[in-house]
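Could you use the hints to bring the two separately framed chains together as a complex?
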Amino acid sequence: MSAVRFRLTDDQRALRDGVREALARRFDGRALRAAVEEADGGGAADMDGAAGMDGAAGMGGARTGGAQPGRSGAGGGGAGVARAAAAGGDGGSAGAGRAGGPGGTARTAAGRAAGAPRLDRGLWRALGDLGFFDLRVPETDGGVGLGLAEAVLVFEEAGRALLPGPLVATHLAAGAVPGAATGETVVAAVDGGLVEWLAEADAVRGDTTGAVPLRSLDPLTPLHRVPAGRPDPDPVAILLTAAEQLGTAGRVCELAAQHARAREQFGRPIGAFQAVAHLCAGILVRAETARAAVYAAAVTADPADIAAARILADEAAVRGARDCLQVHGGMGFTWESEVHLHLKRAWVRTQRAGGITESEELLAAALTPETA
Amino acid sequence: MDLSYTPEEEEFRARLREWLGRTLPGLPPRPSPDDWPGRRAYDLGWQRRLYEAGYAGVHWDATPSVRLIFLEETEKAGAPYVGANFVGLLHAGPTIAAEGTDAQRARWLPPILRGEEVWCQGFSEPEAGSDLAALRTRARRDGDDYVVTGSKIWTSHAEVADWCELLVRTGPAAPKHRGITWLALPMDAPGITVRPLRTLAGPAEFAEVFLDEVRVPVANRVGDEDDGWRVTMVTLSFERGTAFAGEVVACRRVLAELAVEARKNGRWDDPALRRRLGRLNAEFRALWRLTQWNVSAAEASGGVPDTGGSVFKLRYSHARQELYDAAAEVLGPDCLDLDRPWTPDRLSALAYTIAAGTSQVQHSIIAERILGLPKGR
Ligand SMILES: Cc1cc2nc3c(=O)[nH]c(=O)nc-3n(C[C@H](O)[C@H](O)[C@H](O)COP(=O)(O)OP(=O)(O)OC[C@H]3O[C@@H](n4cnc5c(N)ncnc54)[C@H](O)[C@@H]3O)c2cc1C
Numbered sequence: 000m001s002a003v004r005f006r007l008t009d010d011q012r013a014l015r016d017g018v019r020e021a022l023a024r025r026f027d028g029r030a031l032r033a034a035v036e037e038a039d040g041g042g043a044a045d046m047d048g049a050a051g052m053d054g055a056a057g058m059g060g061a062r063t064g065g066a067q068p069g070r071s072g073a074g075g076g077g078a079g080v081a082r083a084a085a086a087g088g089d090g091g092s093a094g095a096g097r098a099g100g101p102g103g104t105a106r107t108a109a110g111r112a113a114g115a116p117r118l119d120r121g122l123w124r125a126l127g128d129l130g131f132f133d134l135r136v137p138e139t140d141g142g143v144g145l146g147l148a149e150a151v152l153v154f155e156e157a158g159r160a161l162l163p164g165p166l167v168a169t170h171l172a173a174g175a176v177p178g179a180a181t182g183e184t185v186v187a188a189v190d191g192g193l194v195e196w197l198a199e200a201d202a203v204r205g206d207t208t209g210a211v212p213l214r215s216l217d218p219l220t221p222l223h224r225v226p227a228g229r230p231d232p233d234p235v236a237i238l239l240t241a242a243e244q245l246g247t248a249g250r251v252c253e254l255a256a257q258h259a260r261a262r263e264q265f266g267r268p269i270g271a272f273q274a275v276a277h278l279c280a281g282i283l284v285r286a287e288t289a290r291a292a293v294y295a296a297a298v299t300a301d302p303a304d305i306a307a308a309r310i311l312a313d314e315a316a317v318r319g320a321r322d323c324l325q326v327h328g329g330m331g332f333t334w335e336s337e338v339h340l341h342l343k344r345a346w347v348r349t350q351r352a353g354g355i356t357e358s359e360e361l362l363a364a365a366l367t368p369e370t371a
Numbered sequence: 000m001d002l003s004y005t006p007e008e009e010e011f012r013a014r015l016r017e018w019l020g021r022t023l024p025g026l027p028p029r030p031s032p033d034d035w036p037g038r039r040a041y042d043l044g045w046q047r048r049l050y051e052a053g054y055a056g057v058h059w060d061a062t063p064s065v066r067l068i069f070l071e072e073t074e075k076a077g078a079p080y081v082g083a084n085f086v087g088l089l090h091a092g093p094t095i096a097a098e099g100t101d102a103q104r105a106r107w108l109p110p111i112l113r114g115e116e117v118w119c120q121g122f123s124e125p126e127a128g129s130d131l132a133a134l135r136t137r138a139r140r141d142g143d144d145y146v147v148t149g150s151k152i153w154t155s156h157a158e159v160a161d162w163c164e165l166l167v168r169t170g171p172a173a174p175k176h177r178g179i180t181w182l183a184l185p186m187d188a189p190g191i192t193v194r195p196l197r198t199l200a201g202p203a204e205f206a207e208v209f210l211d212e213v214r215v216p217v218a219n220r221v222g223d224e225d226d227g228w229r230v231t232m233v234t235l236s237f238e239r240g241t242a243f244a245g246e247v248v249a250c251r252r253v254l255a256e257l258a259v260e261a262r263k264n265g266r267w268d269d270p271a272l273r274r275r276l277g278r279l280n281a282e283f284r285a286l287w288r289l290t291q292w293n294v295s296a297a298e299a300s301g302g303v304p305d306t307g308g309s310v311f312k313l314r315y316s317h318a319r320q321e322l323y324d325a326a327a328e329v330l331g332p333d334c335l336d337l338d339r340p341w342t343p344d345r346l347s348a349l350a351y352t353i354a355a356g357t358s359q360v361q362h363s364i365i366a367e368r369i370l371g372l373p374k375g376r
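Those protein sequence lines, which keep their order, are chains G and F.
Following numbering that gives the first Met the number 0, the numbering of the first sequence begins with 0 at its first residue and continues without gaps.
Following numbering that gives the first Met the number 0, the numbering of the second sequence begins with 0 at its first residue and continues without gaps.
No wet-lab data here; the hints were simulated from the structure.
Since the structure is predicted, the reported quantities are computational estimates derived from the model, not experimental observations.
We put the CB at the ideal spot given by N, CA and C, even for glycine.
Where hints are given, some of them may not hold.
Claimed, not checked - Which residues of chain F face chain G? A partial, calculated answer using Cβ under 8 Å:
1. M0
2. R284
3. L313
4. I369
5. L372
To be verified - A few chain G residues facing chain F, derived, Cβ under 7 Å:
6. R4
7. A259
8. C279
9. A300
10. D301
11. I310
Said to hold, decoys possible - According to the in silico footprint, chain G covers these stretches of chain F (three or more CB under 8 Å from chain G):
12. 130-139
13. 288-300
Next comes chain F alone, as it looks inside the complex (with noise of 0.2 Å):
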C-alpha cells in the first residue's frame, strides 16, 4: 500500500500549480447562475485555457492517478467546475472514445477538448427514470436517417447544447435492454422543442426535452442498432468512477470554512457541533481515501471504473447533505438567507442522493452485485 506519487506526477502537479497560479488570476468574473449564455461562454472558456495549456484531455488519456492529482489541484486552486462540459468531458466524450469509429472520434472529440461544443445527456424520460431500460422515445429508420420521436426530462444544460447523447428504443419487440441505441444528436435539428424546468434552487438547471420526427443520420449511431445499453453502461461507469472526486477536495474546503465561521460566530463551544464538524472531517478525508482507493482499483483494472463508484457515490451523496446541514446549524437564523452561499448549497446538494441514479439503485446495485443477493423487485 502506497499513497506517494512518481516523481513524474509530482512534476506535473507542480507545473499545473505554477500554471493555475499564472492564470486564475486573469479569468473574467462569474457569471450569474441564471445567465445561461453566460455561463455558457464561461465555462467553454475555462476549457480552451485547459487546452491550450495542454490539460484538456486529462479525463481521457491520462492515468487515474493524474486525473486526481488534476482534480485535487484545481479545486484547491478555486478554479472554474467543468460546468457545462460535465456531460462532453464525462459522459459522451468518453463514450464515443471508447465505442465510436474513428470518423466519430474525429468529428465530436476534438470539440469537446478545445471548448467549442457542448454535451447534455438525454437517457431520462417521464416514464423512465431510476428504471431507464424502460423508455419508449422511438427511432424509426428511414433510410440514411432515424426519424425520432418522444420526450426526455431532467436533460442538465439542454438549453446551451450543441448536442445530445440520446437513448432511443429502436427495437421495440426485443427484450427492454435490448432494443436500445444511442444517438449523437444536434441539438438544433428541426422538430426539438426545449422547455428550462426551474429546479428548487431557483435557476433552470434542467429541461424537458419534446422530439418530434427529428431526422438523426444513421451515422450519428455510436455502437450497434440495438447495442445502446451496453454503450450507456460504459458511460454510467465513468460517471460513478471518479467523476466526483474534485468535489471531496471542495467538501474539505467547506468544512474547514465552516470551522473558522463557528470560532468567529461563537457555536465552536458548543461541544455538539464541534464534535459534528469533527465527525465530519473524518467521514471526507475517508472519502478522499476512498477515491484513492478506487482510483488505484481502476488503474490496476485498465481504467475502467467498477462497482467501487456505487460505493463511493452512496456515501458521498449523503456526506455532502450532511456538510450542509451542519452549515445550518453553524449559520444559525441566517440559515434561510439566500445571499450566505451555503444556502443555496444545501438545496443543490439534495439532487445528490437523486441523479446519477438514486440512493435506493445504488444499494441495490451493491447488494446485487457486490453481495451476491438475490434480484429484488
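Chain G on its own, in the form it takes in the complex (with noise of 0.2 Å):
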C-alpha cells in the first residue's frame, strides 16, 4: 500500500463534481448576472419583504434536483436523511442569546443600505439541502457529519461560483444557532470591523452596537462597518475563506485561459503570445500551490497550516483575479464582464480574520530555534 495519499479520495471527488453540478443548476452564469443585476437596479429594494427572493429564484426552475449530489456523493454518510428541524435546537444557547445581542437584531439595528442586494431565501433552503450548513454536524445531531476536508471542497466549489451570503457564518451557527443548519436561517457574524449581510439576517453572532452600512465595493456583498475591537478569528473561518478564495482562483484561471485559446489577434490567439501564456501559468502556479496549503491545512487543522493555507489563496485570488483581468483587456474592464465580481469578491475576503496581517504575523512567531 501506498503511503502519502495526499489527494482526493473517489467520494470526495465525487462531492465536489455533485456540489458543482447542483451550484450549476441552481446558482449559473444567468442567475449570478440578474443577482447583480438586482443589486445594481434595486434602489426600491429597501421594504423589508424578507424571504422569497423571486430574482434570482426565477432563475432556476431546477430547485428540487440540487438536493442530492451532495449528499449521495458524501459516502453514503447523511444520504436521505431528513433535513427538517435538524438544527441544534436550544443546544445552541450561547450562539443564539448573543444573536441580535447588544443592538437586537440586524434589520432593526441598521438599515440596508440604499441599492443593498437581498438574498434569495430559496437558494439559501436549498444550500440547507445540500448539506452546506450541516455538513460537519454530527450524524447523531442530523448533520451530514463529513469533516474539515470536505467542508473545504464544498467552500471552494461555492468560492468558484461566486455563490453570495454569508455562507462561513452560518455553517459555522449550524447546531449552535436554531435553523442555521437547515438554511431557514440566516447567520451573520462580526468579523474584526465588517459584517457581510447584516441587514438580511436573522441572527448575528457578535457585537453590531454602532453597526453603520457602507457603499460595499462588491455588488453582491452588502457590508457593515463595526466599531470593533481586536478580532478574534476562528480558525475553521479562516481555512473556510481560504477555500473560497482557491475557488476564485481555481475560476480565473479557467476564465483567462479559456480566453488566450478564443480571443484572436495579429492573426491569432493572444495566448499564442508568451506575455499573455506566461500571465496564464502564472496564474495556474500560485492556484496550484494554494491548493496544496490549503488541502493540508484541512486535513491537519494546525492554525499554523491554515495561516499559511490563508495567505496563499489570497494571493492566488486576487493576483490571479487581476492578471484574469488583464488577458480580458478592455472586455475585463467591463462591468458585462464576470471578471471583476471575482476580483471584488476577493478582495472583500482578504479583509476577514484580521487580514493578512495577522496570518503573517502568527507564522513569524512560529520561526522559533526548535524548528531551526
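Spelled out as C-alpha cells, the structure:
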C-alpha cells in the first residue's frame, strides 16, 4: 500500500463534482448576472419583505434537483436523512443568546444601504438541503457528519460559483443557532470591523452596536462597518475563506485560459503570445500551490498551516483575478464581464479574520530555534 | 486526503533516523568548494555509506513516499547532499534503469549505487540551451563505434566525472527532435578536453567539454538510434519531480535560522521584516505540501512525475531566491561578506531560475501542456 495519499478520495471527488453540478443548476452564470443586476438597479429594494426573493429564484426552476448530489457524493454518510429541524434546537444557547445581542437583530439595528442586494431565501434553503451548513454537524445530531476536508471542497465550489451570502458564518452557526443547519436561518457574524449581510440576517453573532452600512465595493456583498475590538478569528473561518479564495483562483485561471484560446489578434489566438501565456501560467502556479496548502491545512487543522493556506490563497485569488482581468483587455474592465466580480469578492475576503497581517505575524512567531 | 504514513514507513523513518544519528558524527570534515578531488571523494564516500547501510537505491526502488521520508530525514539531520552523485542517482541512473538493456543496467547501475562512479550530464551546447533539441554535436557510425565531434557547455562535475550522459545528433536530415541519440560517454576516452568555467559564485562548478573524434562503442547507446529525445524526456521528468524535495526542508531550516539571527541583532523589531519572514514561512510550508501532493500523484500514476514538477520547480526556484534576499535584509551590511554562509548561498540561488529549464521555459510548458494554450514562439 502506498503511503502519502494526499489526493482526493473517490468520495471527495464525487462530492466536489456533485456540488459543482448542483450549483451550476441552482446558481449559474445567468443567476449570478441577475443577482448583480438586481443589486445594481435595486434602489427600490428597501422594503422589508424578508423571504422569497424571486429575482434569482426565478432563474432556476430546477431547484428541486439540487439536493441530492452533495448528499450522495458524501460517501453515504447522511444520504436520505430528513433535514427538517436538524439544527441543534436549544442546545445552542450561547450562539442563539448572542444572536441579535446588544442592538437587537440586524434589521432593526442598522438599515440596509440603498441598493444593497437581498439574499435569495430559496437559494439559502436549497444550500441547506445540499448540506452546505450542517456538513460537519455529527450524524447523530442530524447533520451530514463529514469533516473539514469535505467542507473545504464545498466552500471551494462556493467560491468558484461566486455564491452570495454569509456562507461561512451560517456554516459555523449550524448546530448552535436554530435553523442555521437547514438554511431556514441566515446567520451573519461580526468579523473584525465588518459584518457581511447584516441587514439580511435573522441572527447575528457578535456585537453590532453602532453598525453603519457602507457602500460596498462588491455588488453582491453588502457590508456594515462596526466599531470593534481586536478580531479573534476562528481558524475554521479562516480556512473556509481560504477555500473560497481557492475556488476563485481556479475559476479565474479557467476564464483566462479560455479567453486566451478564443480571442484573436494579429491573426492568432492571444494565448500564442508568450506575454499572455505566461500570465496564465502564473495564475495556475499560484492556484495549484495554494491548493496544496489549503487541502493540507484541512487535513491537519493546524493554525500555522491554516495561516499559510490563507496567505497563499489570498494571493492566488487576488493576483489571479487581476491577471485574468489583464488577459481580457477592455472587456475585462466592463461591468458586463464576470471578472471584476471575482476580484471584488476576493478583495472582500482578504479583509476577513484580521487580514493578512495577522497570519503573517502568526507564521513569523512560529519561526523558533526549535524549528531551525 | 491523508498526510499520514503507514506503520512500515514510520518504521523506515525511525530506523533511518537512528542510523543517521549514529553515522553522521563519524563523517570526515567537508572539503572546500574548490577542492574537486576532495569533493568527489567525500560525495562518493557518503554514497558508499548509504550503500552499506542499505539506503543506496532509495531514489530508484522505493515508493515516492519512502523517497520523500528519506529526503526529509537526511536533510533534517544535516546529512551530506547528493553532490557529485546527482546525475548518476537522479538523471542517468533512472534513465538507464527505465530504458537500458539488462547488460547496460548491470554495467552502470551498481557502481552508481556503491559510490564508485560519477556521472555528468552533457546536454546543453553553446547553441542549444533552452532549445535543447537544436543540439549539433555530431555522431557518425563507424563499425561498432560512434565517432563524436562537437562541444558541450555548462556540464556540472565534468572535471571529476567517469561517465557523461551525452546527447548527440545521429540523424542530421531528420526533424530536430528525431535525429538525437543518448550515449554513455567514458570521460577518459581520447579526444575529450574539459575546460572548467568559474561561476559567479567563485568556484568552477561546471565546464566546457570539447569532443574531437571521440569513439564511443555502439553498445553504450541507451534506447534506439535517433530515439534519444524520448529517452531524455524520461530523465528530465525525474529532475523536475522530487529531486528538490530535500532542499525545501533545508530552506525551512534556513528560514528558522534567519528568525533566530534577526531576534539576536534587533531587526526582528521591524514588522515589515517579520511579515516578510512570515510570508516565506507560508511559502515553504506550501511548497512542502505541493511536494507531497505531487508525490501522491506520481505514486498513483506508477512513479513517473508529470507536469506538476514544472509547477513546483518554477515556484520553488523563485522562493529560494526570495529566501536569500530576505537573508540579506536580516544580515544588513554583513550580506556583503562572503564569509557569512548566506552570502555565497544567495549567489548560488541565482542559478535556480536558469538551470534545469529556465523559468520562461517552465511557464511555456505549463501554458501549453496544462492550460492547452497554442504553442508560442
Ligand atoms: C548552475 C548550472 C548548472 C548547469 N548544469 C548543466 C549540466 O550539468 N548539464 C547540462 O547539459 N546543462 C547544464 N546547465 C545548462 C542549463 O540547462 C541551461 O543554462 C538552460 O537550459 C538555459 O540555456 P541557455 O543557458 O543556453 O540560455 P538561453 O536558452 O540562451 O536563454 C537565455 C534567456 O532567453 C530565454 N529564452 C530562451 N528561449 C526562450 C523561449 N522560447 N521563450 C522565452 N524565453 C526564452 C531564457 O529563459 C533566458 O532568460 C546548467 C546551468 C546552470 C546555470
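Satisfaction of the I369(F) interface hint, Cβ to chain G closer than 8 Å: With a closest approach of 6 Å, the I369(F) hint holds.
Interface hint compliance - L313(F) to chain G, C-beta minimum distance less than 8 Å: Holds: closest Cβ of chain G sits about 6 Å from L313(F), inside 8 Å.
Per-residue hint verdict: A259(G), partner chain F, C-beta under 7 Å: holds, 6 Å
Interface hint outcome for M0(F) [beta carbon to chain G under 8 Å]: This hint holds: M0(F) lies near chain G, its Cβ roughly 5 Å from the closest one there, short of 8 Å.
Residues of the region 288-300 of chain F with Cβ under 8 Å from chain G, three needed, outcome: That given contact holds, which follows from 9 residues of the region 288-300 of chain F lying within Cβ reach (below 8 Å) of chain G.
Stated coverage of the region 130-139 of chain F by chain G [criterion: 3+ residues, CB within 8 Å]: violated (count 0)
Restraint check, 7 Å cut-off on beta carbons, for A300(G) near chain F: At 11 Å from the nearest chain F Cβ, A300(G) fails the 7 Å test, so the hint is violated.
Cut-off 7 Å, beta-carbon criterion: hint that D301(G) touches chain F: violated, 10 Å
Restraint check, 8 Å cut-off on beta carbons, for L372(F) near chain G: holds, 4 Å
Closest C-beta approach of I310(G) to chain F relative to 7 Å, hint status: This hint holds: I310(G) lies near chain F, its Cβ roughly 4 Å from the closest one there, short of 7 Å.
Chain F contact restraint on R4(G) - CB to CB distance below 7 Å: Nearest chain F Cβ about 4 Å off; hint holds.
Interface restraint verdict for C279(G) against chain F (beta-carbon cut-off 7 Å): With a closest approach of 5 Å, the C279(G) hint holds.
In this structure, the earlier hints numbered 9, 10 and 12 are contradicted, and the remaining ones agree with it.
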